[in-house]
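Construct all of the structure, not just a fragment, from the sequences and the given hints.
These protein sequences, in sequence, are chains A and B.
Oh and the first sequence: position 166 is 165 in numbering that gives the first Met the number 0, straight run, nothing missing.
Oh and the second sequence: position 161 is 160 in numbering that gives the first Met the number 0, straight run, nothing missing.
Rather than coming from a laboratory, the hints here were simulated on the basis of the structure.
These figures come from a predicted structure and were not determined experimentally.
Accuracy of the hints is not assured; some may be wrong.
Stated by the list, open to error - Computed cross-link-like contacts, DSBU-like style, restricted to lysine-lysine with a CA-CA straight-line distance of at most 30 Å:
| hint | chain 1 | residue 1 | chain 2 | residue 2 |
| --- | --- | --- | --- | --- |
| 1 | A | 205 | A | 156 |
| 2 | B | 205 | A | 150 |
| 3 | A | 205 | B | 150 |
| 4 | B | 205 | B | 150 |
| 5 | A | 205 | B | 205 |
There are 2 protein chains.
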Amino acid sequence: MPSAEHITVVGSVALDTIETPYGRAEDTLGGSAVYIGAAASLYSPVHLVAVVGDDFPMESLDFLREREVDLEGVRVEPGSTFRWEGRYHRNMNRRDTIRTELGVFEGFRPELPASAAEANYLMLANIDPDLQLDVLKQLKDPQLVAFDTIKHWIRDKHGQIEELIRQMDVVIINDEELELLTGAGSLLAGADQLLEMGTRCVVVKKGEHGAILVGRDEVPFLCPAYPLAEPKDPTGAGDTFAGAMLGYLAATSDHSPFNFRRAVVYGSIAASFTVEGFGLDRLMNLTHSELDARFREYRAMVEF
Amino acid sequence: MPSAEHITVVGSVALDTIETPYGRAEDTLGGSAVYIGAAASLYSPVHLVAVVGDDFPMESLDFLREREVDLEGVRVEPGSTFRWEGRYHRNMNRRDTIRTELGVFEGFRPELPASAAEANYLMLANIDPDLQLDVLKQLKDPQLVAFDTIKHWIRDKHGQIEELIRQMDVVIINDEELELLTGAGSLLAGADQLLEMGTRCVVVKKGEHGAILVGRDEVPFLCPAYPLAEPKDPTGAGDTFAGAMLGYLAATSDHSPFNFRRAVVYGSIAASFTVEGFGLDRLMNLTHSELDARFREYRAMVEF
Numbered sequence: 000m001p002s003a004e005h006i007t008v009v010g011s012v013a014l015d016t017i018e019t020p021y022g023r024a025e026d027t028l029g030g031s032a033v034y035i036g037a038a039a040s041l042y043s044p045v046h047l048v049a050v051v052g053d054d055f056p057m058e059s060l061d062f063l064r065e066r067e068v069d070l071e072g073v074r075v076e077p078g079s080t081f082r083w084e085g086r087y088h089r090n091m092n093r094r095d096t097i098r099t100e101l102g103v104f105e106g107f108r109p110e111l112p113a114s115a116a117e118a119n120y121l122m123l124a125n126i127d128p129d130l131q132l133d134v135l136k137q138l139k140d141p142q143l144v145a146f147d148t149i150k151h152w153i154r155d156k157h158g159q160i161e162e163l164i165r166q167m168d169v170v171i172i173n174d175e176e177l178e179l180l181t182g183a184g185s186l187l188a189g190a191d192q193l194l195e196m197g198t199r200c201v202v203v204k205k206g207e208h209g210a211i212l213v214g215r216d217e218v219p220f221l222c223p224a225y226p227l228a229e230p231k232d233p234t235g236a237g238d239t240f241a242g243a244m245l246g247y248l249a250a251t252s253d254h255s256p257f258n259f260r261r262a263v264v265y266g267s268i269a270a271s272f273t274v275e276g277f278g279l280d281r282l283m284n285l286t287h288s289e290l291d292a293r294f295r296e297y298r299a300m301v302e303f
Numbered sequence: 000m001p002s003a004e005h006i007t008v009v010g011s012v013a014l015d016t017i018e019t020p021y022g023r024a025e026d027t028l029g030g031s032a033v034y035i036g037a038a039a040s041l042y043s044p045v046h047l048v049a050v051v052g053d054d055f056p057m058e059s060l061d062f063l064r065e066r067e068v069d070l071e072g073v074r075v076e077p078g079s080t081f082r083w084e085g086r087y088h089r090n091m092n093r094r095d096t097i098r099t100e101l102g103v104f105e106g107f108r109p110e111l112p113a114s115a116a117e118a119n120y121l122m123l124a125n126i127d128p129d130l131q132l133d134v135l136k137q138l139k140d141p142q143l144v145a146f147d148t149i150k151h152w153i154r155d156k157h158g159q160i161e162e163l164i165r166q167m168d169v170v171i172i173n174d175e176e177l178e179l180l181t182g183a184g185s186l187l188a189g190a191d192q193l194l195e196m197g198t199r200c201v202v203v204k205k206g207e208h209g210a211i212l213v214g215r216d217e218v219p220f221l222c223p224a225y226p227l228a229e230p231k232d233p234t235g236a237g238d239t240f241a242g243a244m245l246g247y248l249a250a251t252s253d254h255s256p257f258n259f260r261r262a263v264v265y266g267s268i269a270a271s272f273t274v275e276g277f278g279l280d281r282l283m284n285l286t287h288s289e290l291d292a293r294f295r296e297y298r299a300m301v302e303f
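Here is the structure:
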């Protein structure tokens, strides 16, 4: 295996308050960049770019440091850390956002330190698309660039979203966002529209139903989710998916359709571990041997 | 391959009025028994047991006769045929039932003709669970028995539903029904409850997201749906799934976990054809070579 490529992750570091039928956690570490970084660092060197307030307990990021995640790009600004509060319903398919307090995240203007700018892989988690476009310019030699977004930006900054899609290697989007963005009556038709806009491939996330990978001139790849008897907390599952997928691609430096499929499976499997625990609990201590064991178990679930 | 076992199908023959974003059809042939019979007869000899009113155009069943479906059990009673009217929303995930007129179906008391009673396979489509239990007693030598139901009976006749599950080889149920029936927080936990009640295996239908097969002491089988760029009308997809699955099992007379998985895949693929057309349009002319070609295409979509 070649030496792993570096990944720069730009997104949020947050303090989440989460309520599910299984329990409640207050001001617990969260944020897209944390989940993505934690998952990607299982495979590749990661540079984290984010902002926190001066109320943020920096020691909570120690587990990332131990995985040799470069935190130089995590800036501390005077003010409050981004806080999010969400509540999940019984079957976990739906959640209500109770509270969003942007704090210092509102003024976030990502500046890549030299080390982060030299990474060849980039994961743009959900932030203002104008900032995502700006980060893209800061990367010196991008080899594989992926982005995620939310409905808010699809509605408010449609032009910038289209410009991003034009420049992406991988668009990671959930089924509802894809429908809002394209108006298409099926995931395949929606993904085809994004391919026409310019991205090299599309990964449609369907939560507990798995994901579909759609590339140009390729047979789509159907990846059902690893089924859990007791899902505990879906927070961060989508970010874990993206992080592990990109991490695996960076570690293998192989962009063939076959390896992309394996990357999607590893992303899906990593996400299943996240959902098994509360917040970052499970992802924080996840090991390669656990991932590989579940990968084999998963294969036995889809063979026929 | 051994000679195919016979399947008896008990359910409804209806006149459906369907509205989707792609069009509208009035009083078109439908009903669970018709979809199941049409799909199962692609693989095995079928005996249909149902009731229609004296307003029913019997010639509309000619295509089943041509597939050598035995219609001796389809009784004509004075009165109106069961009519159902439904409207699908844009993304086809949800439908509203506009109208249900039971007509002669309200007094349906299924009596199996001798030929139907001698079949070894039985598919009990959704009817009153008391009647389903009664049909079960009429079968002389059941080898593989499957049933489907709806929320109405799960709410109103819970005891009978549990008795049926105890006697079933295969319970075919959708995700919402399973949640209502078991109160479980996940499909796996719900399916396990049904296995504890006594059925040998459970197939959970998830519509456009595919199906999961859960058996005792076996690794679950995840079967994502064949993706369609232009789904036209989901009416009858679940019944097509059940029919093709049972038909394949009856044709192969092989109840091994491996063959069950293939049967689920064939069910899923047959259902995808039904959704591609309006009402029975596509299923009516479906050929084995089309099914086999899509089976191969599907395999290429799930390999990694």
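Hints violated by the structure (listed by number, smallest first): When the structure is compared with the hints, none of them turns out to be violated.
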